[in-house]
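Engineer: The residues making up each chain are set out below.
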Amino acid sequence: MSKKIRRSQPLLPGETGRFAAIVSAVILFLAVTPILTMIVMSFSGSANLDFPPSSYSLQWYKAAWQTFVSPDESDVLSLGKAMTTSLMVACLTMIFATLIAVPASYALTRCEFRGKAFAMQLMSLPLVFPMVVLGLALLLVFDSLPFHLSTSRLVIAHVILALPFVIKNCTASMMTIGSEVEEAAQMLGASPTRAIVDVVVPLMKSGILAGMLLAFIVSFNEFTVTYFLYNIDVMTVPIWMYSRTVSSLDPTVFSFAVLIVLIDFVLIWALEKLVGEGGVSF
Amino acid sequence: MQNPPITRQEDAAKLRRNRPFSATARAWLFLTPSMLFLAVLIVASLLVLRMSVGTKGAEWSGFSLDSYAQLFEPYYLKSLLLTLRLALISAVIAVVLAIPVGYTMARLKSPLIRRVFLAAVLLPLLVNLLLQSYGWLVILGPAGMLNQALKGMGLITRPIMMLYNQNGVLMGLVQTAFPLAVLPIASAMRGISRSYEEAAATLGASRFQVFRQVILPMSLPGIITGATLVFAYNASSFVVPLLLGGRRVPMLAVMVHDQIAPLMNWPAASAAGVVLIITTLAIMTLSEFVTGRRRRMLEASQ
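Taken in order, these protein sequences are the chains called A and B.
Take the first sequence: its position 175, counted from the start at 1, is 175 in this note's numbering, and no numbers get skipped.
Take the second sequence: its position 23, counted from the start at 1, is 1023 in this note's numbering, and no numbers get skipped.
Please keep in mind that the hints were generated in silico from the structure rather than gathered at the bench.
On a predicted model such as this, the values are computed, not experimentally measured, just so you know.
Glycine residues also receive a C-beta, built at the ideal position from the N, C-alpha and C atoms.
One or more of the hints may lead you astray.
What the hints assert, rightly or not - Taking lysine-lysine and the DSSO-like style, the derived pairs with C-alpha atoms no more than 30 Å apart in a straight line are:
{"no.": "1", "chain 1": "A", "residue 1": "K205", "chain 2": "B", "residue 2": "K1109"}
{"no.": "2", "chain 1": "B", "residue 1": "K1078", "chain 2": "A", "residue 2": "K273"}
{"no.": "3", "chain 1": "B", "residue 1": "K1109", "chain 2": "B", "residue 2": "K1078"}
To be verified - Simulated DEER-style distance windows between Cβ atoms:
{"no.": "4", "chain 1": "B", "residue 1": "P1142", "chain 2": "A", "residue 2": "L87", "range": "51 to 61 Å"}
{"no.": "5", "chain 1": "B", "residue 1": "K1109", "chain 2": "A", "residue 2": "L87", "range": "35 to 45 Å"}
{"no.": "6", "chain 1": "A", "residue 1": "V26", "chain 2": "B", "residue 2": "P1217", "range": "43 to 53 Å"}
{"no.": "7", "chain 1": "B", "residue 1": "E1073", "chain 2": "A", "residue 2": "S179", "range": "56 to 66 Å"}
{"no.": "8", "chain 1": "A", "residue 1": "P202", "chain 2": "B", "residue 2": "L1150", "range": "51 to 61 Å"}
{"no.": "9", "chain 1": "A", "residue 1": "V266", "chain 2": "B", "residue 2": "L1150", "range": "55 to 65 Å"}
{"no.": "10", "chain 1": "A", "residue 1": "S54", "chain 2": "B", "residue 2": "S1110", "range": "35 to 45 Å"}
Build the full structure now, drawing on both the sequences and the hints.
Structural biologist: Take a look at the structure:
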């Protein structure tokens, strides 16, 4: 087998052999196994968690749909409401994170200024900051405020979490734009602000869009920090799912999960199309 | 988004005269909105620090180091050691698995396969950890996939317990943090020009030798970054030990939450949180130091 390959297609240095490719494919398959398992389980025809399921049916999807259209009394909060909150928080996070990240990445790529290294370090802090401590800390802050915040405290938390992703993508795409286009615009009479808004921002559209998508995905899937900050009126979908399965795991959750994975997959695929060759910047 | 006042009022001549000041001021003005959000993070961490030296009942006014002393009790010390050990082992395993994947991804030619690979890397990172833990529950359960497979191969006769112990948690930790190891390694390996490999091969190195003596040393900064990210991420992992460990694998992050939710002991939770922050920052600084030196050495040798 290997001889035949070598004869037909000699491997040049710098090309991965078939062996390495297969090993990587297997490892990556293992990495997504939990997600795939969940997708298969959602089509299970039996009521237990045996894998592979003994029969296949759409019963859990039907049950999930029932929960969605007619929530029973035992549920503290309907899925519809949780879904609305989730989408609203994710959209607001996306908008705010982008609005603040674009000027920040302009400063980080175009300007030389005192404290730049410090600012860069600070920007990536939320990536490595322990999420549990962030949840705890924000809870302390919001509880000591004299006024009450509900949805907005989730948005603030999610913007902090999404910020490094958006900034990385915006700076990466701004790096590819030479400063001469801006200078040309200014020479033709545009004010510095106008040069940025009308020339630089449209050119870095794909980076901004990628950042927006990432912000949405991060917010939509965030659990840990939200778990500290939610209250009974403001619940996101992950929290709703956890509160439902905290005592026992029922397979209707798998059908919801498949829906969420599907949304995530579409967003990630779009993200890759936008970001293209270089890969997503993290 | 933009701040019109400064640009409109600014006189070009004035701008030129004291440029260093205005450039810095302008840059910081652009940074202000994001800095406001990060300031929330900083203030919040300072509050945690203050809370950790408070006393229960008088959180804001009291001062005592009891909460830190408490961390040296055997139960907490064990939890701390368990957290560090699991984070370390998971970082090693994740990096070992990530090296071939990163290398393959860096050298893939087909755009479609590259996108599929990248999607497979990004999914575990971005999809809600809760959902992935549900998947693990199905895989690791007594009648789950892994037990059935092992039984089918005749390796075991009775299902072995993998859920609610350290092995299950470790598997979950490796899988969820795996992308954090792959991404920096792949980007480091993409940065290595193929001419190095060609040169080594011309000089008679075998493919394995090229990989071991050229690729690995040159991508070491990426490998260290990956290992650090996995370690830091898993040291404060919350969802995985919560769902896959039940209450039997008390990692530090779960303890932080337990101190608040049933116990309402804010100082103890904060002290554990401070330990988490210090661990994370220490390991990041160390890695920054090592990779920085390594990178300078590589640059000097080129």
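Engineer: Hint by hint, note whether the structure agrees.
Structural biologist: Each hint, compared with the structure:
no.	hint	verdict
1	A:K205 - B:K1109	holds, 26 Å
2	B:K1078 - A:K273	violated, 46 Å
3	B:K1109 - B:K1078	violated, 48 Å
4	B:P1142 - A:L87: 51 to 61 Å	violated, 38 Å
5	B:K1109 - A:L87: 35 to 45 Å	holds, 39 Å
6	A:V26 - B:P1217: 43 to 53 Å	violated, 26 Å
7	B:E1073 - A:S179: 56 to 66 Å	holds, 59 Å
8	A:P202 - B:L1150: 51 to 61 Å	holds, 57 Å
9	A:V266 - B:L1150: 55 to 65 Å	violated, 35 Å
10	A:S54 - B:S1110: 35 to 45 Å	holds, 39 Å
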